[in-house]
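S.K.: Chain by chain, the residues run as shown.
2 protein chains.
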Amino acid sequence: MFLAIEWTSTNFHAWLLDQSGTIQGEHQCPRGVNSVTNKDFAGVVREELAHWLTKVDAIYISGMATSRTGWLESPFATLPARPQDLIKAAVEARPDGLPTVFFLPGLARTLPLPDVMRGEEMAIFGIEGSLPKAIILPGAHSKWVTTDGEAITDLTTYMSGEVFNLLRKDSLVSKLIPADYTPSPEGFDKGLAIARDKRALPGGVLQRIFSARSLVLFDQLPAAGIADYLQGLIIGCEIVEALSGKSQPSEIVVLGQSPIADAYRTALAAFGIASPTRAANAAYGFAKILKQ
Amino acid sequence: MFLAIEWTSTNFHAWLLDQSGTIQGEHQCPRGVNSVTNKDFAGVVREELAHWLTKVDAIYISGMATSRTGWLESPFATLPARPQDLIKAAVEARPDGLPTVFFLPGLARTLPLPDVMRGEEMAIFGIEGSLPKAIILPGAHSKWVTTDGEAITDLTTYMSGEVFNLLRKDSLVSKLIPADYTPSPEGFDKGLAIARDKRALPGGVLQRIFSARSLVLFDQLPAAGIADYLQGLIIGCEIVEALSGKSQPSEIVVLGQSPIADAYRTALAAFGIASPTRAANAAYGFAKILKQ
Numbered sequence: 580m581f582l583a584i585e586w587t588s589t590n591f592h593a594w595l596l597d598q599s600g601t602i603q604g605e606h607q608c609p610r611g612v613n614s615v616t617n618k619d620f621a622g623v624v625r626e627e628l629a630h631w632l633t634k635v636d637a638i639y640i641s642g643m644a645t646s647r648t649g650w651l652e653s654p655f656a657t658l659p660a661r662p663q664d665l666i667k668a669a670v671e672a673r674p675d676g677l678p679t680v681f682f683l684p685g686l687a688r689t690l691p692l693p694d695v696m697r698g699e700e701m702a703i704f705g706i707e708g709s710l711p712k713a714i715i716l717p718g719a720h721s722k723w724v725t726t727d728g729e730a731i732t733d734l735t736t737y738m739s740g741e742v743f744n745l746l747r748k749d750s751l752v753s754k755l756i757p758a759d760y761t762p763s764p765e766g767f768d769k770g771l772a773i774a775r776d777k778r779a780l781p782g783g784v785l786q787r788i789f790s791a792r793s794l795v796l797f798d799q800l801p802a803a804g805i806a807d808y809l810q811g812l813i814i815g816c817e818i819v820e821a822l823s824g825k826s827q828p829s830e831i832v833v834l835g836q837s838p839i840a841d842a843y844r845t846a847l848a849a850f851g852i853a854s855p856t857r858a859a860n861a862a863y864g865f866a867k868i869l870k871q
Numbered sequence: 580m581f582l583a584i585e586w587t588s589t590n591f592h593a594w595l596l597d598q599s600g601t602i603q604g605e606h607q608c609p610r611g612v613n614s615v616t617n618k619d620f621a622g623v624v625r626e627e628l629a630h631w632l633t634k635v636d637a638i639y640i641s642g643m644a645t646s647r648t649g650w651l652e653s654p655f656a657t658l659p660a661r662p663q664d665l666i667k668a669a670v671e672a673r674p675d676g677l678p679t680v681f682f683l684p685g686l687a688r689t690l691p692l693p694d695v696m697r698g699e700e701m702a703i704f705g706i707e708g709s710l711p712k713a714i715i716l717p718g719a720h721s722k723w724v725t726t727d728g729e730a731i732t733d734l735t736t737y738m739s740g741e742v743f744n745l746l747r748k749d750s751l752v753s754k755l756i757p758a759d760y761t762p763s764p765e766g767f768d769k770g771l772a773i774a775r776d777k778r779a780l781p782g783g784v785l786q787r788i789f790s791a792r793s794l795v796l797f798d799q800l801p802a803a804g805i806a807d808y809l810q811g812l813i814i815g816c817e818i819v820e821a822l823s824g825k826s827q828p829s830e831i832v833v834l835g836q837s838p839i840a841d842a843y844r845t846a847l848a849a850f851g852i853a854s855p856t857r858a859a860n861a862a863y864g865f866a867k868i869l870k871q
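Top to bottom, those sequences are chains A and B.
The numbering used here puts the first residue of the first sequence at 580, with every later residue one more than the last.
The numbering used here puts the first residue of the second sequence at 580, with every later residue one more than the last.
Source of the hints: derived by calculation from the structure; they are not laboratory data.
Nothing here was measured: the structure is a model prediction, and the numbers come from that model.
Don't take every hint at face value.
Same chains, same names: a pair is fine if it fits in one copy or spans any two.
Calculated cross-link-like contacts (lysine to aspartate or glutamate; reagent style DMTMM-like; alpha-carbon spacing at most 20 Å) [stated by the list, open to error]:
#: 1; residue 1: Lys777; residue 2: Asp733
#: 2; residue 1: Lys712; residue 2: Asp776
#: 3; residue 1: Lys825; residue 2: Asp776
#: 4; residue 1: Lys867; residue 2: Glu652
#: 5; residue 1: Lys777; residue 2: Glu707
Assemble the whole structure, with the sequences as input and the hints as a guide.
M.R.: What follows is the structure in structure tokens.
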């Protein structure tokens with residue numbers, strides 16, 4: 580039996596897996612890396628997983644716990660990376676009172692600009708069957724990933740979601756958003772359309788952000804639609820940037836089920852790109868890696 | 580004699596002008612539109628300018644005081660707009676205990692997206708002689724303005740400075756910036772270079788922001804250089820967007836003297852664009868308008 584832990588900045592998610600990779604148990608709590616005091620990561624594992632520790636041969640950890648600011652840094656594996664490359668590059672340790680722990684590497688590309696992920700690759704490798712060629716992991720820092728069906732070949736991080744959250748929370752534009760606004764699909768679609776309109780309006784997102792204010796001033800957007808307009812605009816601009824200089828794919832898998840995943844699916848549909856739904860479950864990624 | 584008031588959200592700046600447009604006095608205080616309670620704008624004018632009020636024939640006001648959230652809304656004048664168009668479109672009123680007040684209009688373009696300014700046009704019209712063809716008014720919301728030498732013909736607002744401030748203040752990236760960092764011209768130049776590199780790296784600012792973190796992770800940028808790197812990157816991306824779809828001008832006037840104006844001048848120089856210095860003084864704009 581093995582323990583697999585997806586340990587992010589804000590979350591601790593563990594699975595008990597048998598030799599065949601079947602999930603025998605699951606435990607989740609909010610004790611993310613950021614909440615661990617005095618670097619007592621081993622203590623958190625002993626406390627949270629005491630009931631399983633006697634049964635397991637090894638523990639596999641992925642996510643921010645394996646970063647410079649986490650428990651023990653495992654160097655990044657370079658691209659292209661297959662599941663077996665993660666096992667080969669894992670850093671092995673034997674912390675007090677615990678079975679052997681394997682710290683799995685994150686993934687890095689170095690050119691033309693460095694970019695990294697740590698943990699998200701487990702959900703990708705967990706996709707059943709051959710990997711989709713193009714994948715988005717939606718979030719405040721969305722990851723665009725390409726694969727050749729088996730290995731992850733490229734990755735790019737877009738902090739667009741964080742830019743959107745900052746603008747929505749505390750900016751010239753946020754002051755106009757009514758406190759009691761409700762979702763506005765029309766606002767989202769209008770933002771998308773403005774993002775895609777490159778003929779009338781060249782440039783990108785910087786050229787367009789102020790329109791979240793000026794359209795309201797000219798009664799072309801209700802104030803209650805600003806937040807969704809901005810989200811449509813920024814996701815649309817992200818897609819334009821991600822596809823620039825490349826031939827447009829016919830489909831991109833958006834991993835997981837969430838409001839932001841749905842927003843990406845709606846946006847991709849406006850570009851004529853299909854986005855078939857696939858489950859995101861890091862446990863399946865661990866299982867695939869352990870079976871290598 | 581006339582009073583000219585540039586009344587922005589955060590500042591109140593008044594000049595006493597004689598018939599020839601010569602400045603006979605100046606008064607400035609931080610009683611911006613946002614600080615005025617109970618809409619008592621007339622009261623602020625009476626208090627601040629009591630010593631001049633008996634001498635003047637009329638008061639001319641520009642800036643946010645003339646907006647929907649200010650004292651009295653003057654509709655926007657449309658482009659192209661010359662100094663005399665501002666006088667023609669001014670809204671005249673006679674508030675209690677004051678001479679006649681002329682609320683000057685802001686300027687608006689409506690296509691392809693609406694965009695506006697309110698007050699910045701006074702500094703532009705205040706430029707001596709024929710107006711430069713391309714002008715940037717730097718700031719958290721920088722305005723790019725084109726003229727035909729006499730009339731303002733187009734304007735575009737970039738909220739890039741605000742995006743930069745938000746990212747520097749409270750984001751994934753801001754957490755990496757040391758509290759005691761000092762200016763890093765190398766960081767600024769590196770950000771500019773990444774912004775301009777469209778061949779190796781397509782896309783725009785969204786594709787590049789995360790590099791403020793990943794370059795640090797790969798020891799290609801010192802953490803102390805992140806803030807300036809981000810500023811160079813974002814101003815560079817703004818310039819790329821502003822010039823896209825247009826032939827590159829040989830010079831762009833950056834109005835005023837300030838650290839952010841200097842940053843734009845450095846950035847434009849990297850693009851091979853000259854940026855001759857011109858003084859920004861709204862009083863000269865009022866004088867030109869009054870002499871029409």
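S.K.: Next, verify each hint and record whether it holds.
M.R.: Quick rundown of the hints versus the structure:
In this homomeric assembly, Lys777 and Asp733 come within 20 Å of each other (Cα to Cα) only across copies, at 18 Å, whereas the closest approach inside a single copy is 26 Å. Proximity of Lys712 to Asp776 under the C-alpha cut-off of 20 Å is found in neither arrangement, the shortest distances being 27 Å within a copy and 26 Å between copies. Taking the closest pair of Cα atoms, Lys825 and Asp776 come within 20 Å of each other both inside a single copy (18 Å) and across two copies (16 Å). Taking CA atoms no more than 20 Å apart as the test, Lys867 paired with Glu652 passes in neither setting, with 23 Å inside one copy and 65 Å between copies.
With identical chains, the CA atoms of Lys777 and Glu707 are never at most 20 Å apart, being 37 Å at best within one copy and 36 Å at best between copies.
Figure legend: structure checked against the earlier numbered hints; hints not met, in rising order: 2, 4 and 5.
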